[in-house]
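Chains as they are written, first to last, in the numbering used here: chain A, 3 to 98; chain Y, 323 to 713; chain E, 823 to 1129.
It should be emphasised that the hints constitute simulated quantities derived from the structure, not laboratory data. Mixed in with the good hints, there may be bad ones.
[Stated by the list, open to error] Computed, partial: chain Y to chain A, Cβ under 8 Å: (1) Asn-438; (2) Ile-439; (3) Leu-573.
[Stated by the list, open to error] Simulated DEER-style distance windows between Cβ atoms: (4) E:Thr-979 - Y:Ile-706: 40 to 50 Å; (5) E:Asp-861 - Y:Gln-654: 53 to 63 Å; (6) Y:Leu-370 - E:Pro-863: 26 to 36 Å.
If you're wondering where the values come from, they're calculated on a predicted model, not measured in any experiment. Note that CB positions come from ideal geometry on N, CA and C, so glycine has one too.
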Amino acid sequence: MSLKTKGWRELPIGGLILEGGTSEMYKTGGWRSLKPIWSEEKCTHCLTCWIYCPDSAILLSDEKVQGINYDYCKGCGICAKECPTKVKAIEMVEER
Amino acid sequence: MGKISAKTGNEAMAEAMRQINPDVVAAYPITPATEIVQIFAGFKSDGLVDTEFIATESEHSALSACIGSAASGARTMTATASQGLVLMQEMLYIASGLRLPIVIAEVNRALSSPINIHCDHSDTMGARDSGWIQIYSENAQEAYDNLIQAVRIAESALLPVMVTIDGFIISHGMERIEIIPDEEVKGFIGEYRPRYTLLDEERSITMGAIDFTDYFFEHKRQQIEAMKEAKEKIIEVSKEFNSRFKRDYGLFECYRLEDARYALVVLGSTGGTVKVVVDELREDGVKAGLLKVRVFRPFPWQEIKDTLAYIPFIAVMDRSDGLSSLGGPVFQEIRSALYDIDSRPKVINYIYGLGGRDTKLHHIKQVFQDLQGIDRTGRIDGLINYLGVRE
Amino acid sequence: MAVRLKDLAKKPEGLASGHRGCAGCMEPIAVRQILLAIDNPCVVCCTTGCLEVVTTIFPFTAWKVPFIHSAFESAAATISGVETAYKVLKKRGKIKDRGTKFIAIGGDGGTYDIGFQALSGAIERGHDIVYICLDNEAYMNTGIQRSSATPMGAHTTTSPAGKVIPGKREFRKDLTRCIASHNIPYVAQAVPSKWRDLITKVKKAVEVKGPAFINILSPCRLGWGYPPEDTIEIGNEAVETCFWPIYEVEDGKWRLTYKPKEKKPVSEWLKKQGRFKHLFKPGNESILEEIQDHIDQEWERLQRLCS
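All chains, please: the whole structure from these sequences, using the hints.
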């Protein structure tokens, strides 16, 4: 569905949304005041950040962390906090 | 020609449900609709239907389960009355908003308080703005025919439908009715092919999303249009029913109305009583007639206006009072429909039969006499009148 | 086989990004874990509440699985209709048997309170459904009002900590035990902070024939008053203090799925949350004691049931 606001004749009936996952068109990255910075060198790819991310904003490829999806990351800081103590591959910095 | 049989209104509705053999029935028993649910459960237990029957723990859950079922593409029905319909009220709006073609067999009964199990129309009138098509039946035959048609109407309009009968008077009164052969009912209703379903393998739909101010009005506008368009769909289904089964239904029934000077407007079983009085008055040379509303939602105001425009004296009979101080809902809407006519008929209102109070021939005669009195004197003494209540 | 993140990461996500949950909200974490646990097709039905609102703001839906929301109190009844439709349409040859699973998700408002009757009815009828409560211990969607899941002492907007009344005066309803009394095949308590435990429980719940219920503690950073990054820690400490023991009841057999090595005093958990701040003012010591005593008793009782 396009972001253009449609008239009543064009909309599907019953308030239905006819495809899944359209929220990906809505970017929540602008909510952020703190930004997670991921270190490729330090990361052990334990995926703890991934399983605890409320916004599915940890980018993976072949089950390995590739970085943060800043389009959606709201900057909650759970990833940085839950990154294991000995690893600490994510650091929160002020959003500019 | 079908089989002639003696059935109560409830039995007739249950029989229609057996023949429809819906995918899912979710229901909770309530007087005077209990029998419909009981009889249908019996059909299920005896293997006469292979419907899945959900005996829920409340009417609210019954309609909620119907919503889940209809949203999954299943032909879905329920039955209820009175407090049950009121408990469903929240879900009535959700069913129609989601455009789910659920059908309710409804038995009209008064609303508490005081608690009362007998007929009036306050239950369905309270649901008149819930986005459901409403079809009122005069007798068991009409209830049976209407329920069968309702399945087709709901599925073509993509709106839910309630078919009503008057509690006890019709629900428990034994009548002679013609039952259409099973195969012919099956042929008439056809296979249901849902447009959208949660069980669609191809796509994952979201139903019941939240609208903010940017979309709500558009979605309601669609629903308004669907209700307007439903009128033609009801007419189409009724025509096809008539061509197959030789029983003619319109949006309303006109009885000796063509040259009438005095007309009553009623819904439901009182139509039969009025017809008797009309015949008697006609024999005495009084030009009496009846307009019996079958489809109250959508409200066929244009057709009613065209029909009543030339009848100078009209009494609208309401079996519920809106407690608004302006009489009953049928009165308000009929009167409003006639407003644009240059030489408007005189329209008065009678509240009658609340809580199952009997409405007899002499009551109806009184109403016609009152109309004749207005004709003679040119004066309306009572705009809103109460028929058969002790002062 | 033990659940491993490397395996889960191969699966497609059931909940898309772009939903409007607060930063640090536990609910989407829970939902991601639930959907990652389910290998079959599924239909999800939500009660009205935070989750439904933040995931379905038209025309945006975060759900990649079929989804329905009907009303606040009716998720259990609605999903029972979906499950029944599936059963009959399969029987009548109108749809294929795809092993579809039926999941209802409600908040504590829609589950402990307004939807309690519908839930009890649906599980008594034996529908093959999984009902999951995301318990954030108050009506968060409408602005933090008390529910029957709100713990004793907590400040909410309808049980405010005022000059004479120190927050909610009643203990919370033990809903998990209420549901276990329905003698359904599977009942559990979980928390997303213990992801492996939660995912294992969801897998069991969808596998059993008949109704299953999982009560998931879902800390709410806004309503509970803590920084967003602490969500997982707050969830873990609820378990370590035995405020929220994680256990399961499988065919009537009670089992702790995690036992803290050393039970921490509940005050350690309470003091991290703004909603309990007033309890640490002088004069309220007895309330803290009362809360601790209650947890001790409940923990004893649970251990007996699990022994």
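Which hint numbers doesn't this structure obey? Hints 1, 2, 3 contradicted; others consistent.
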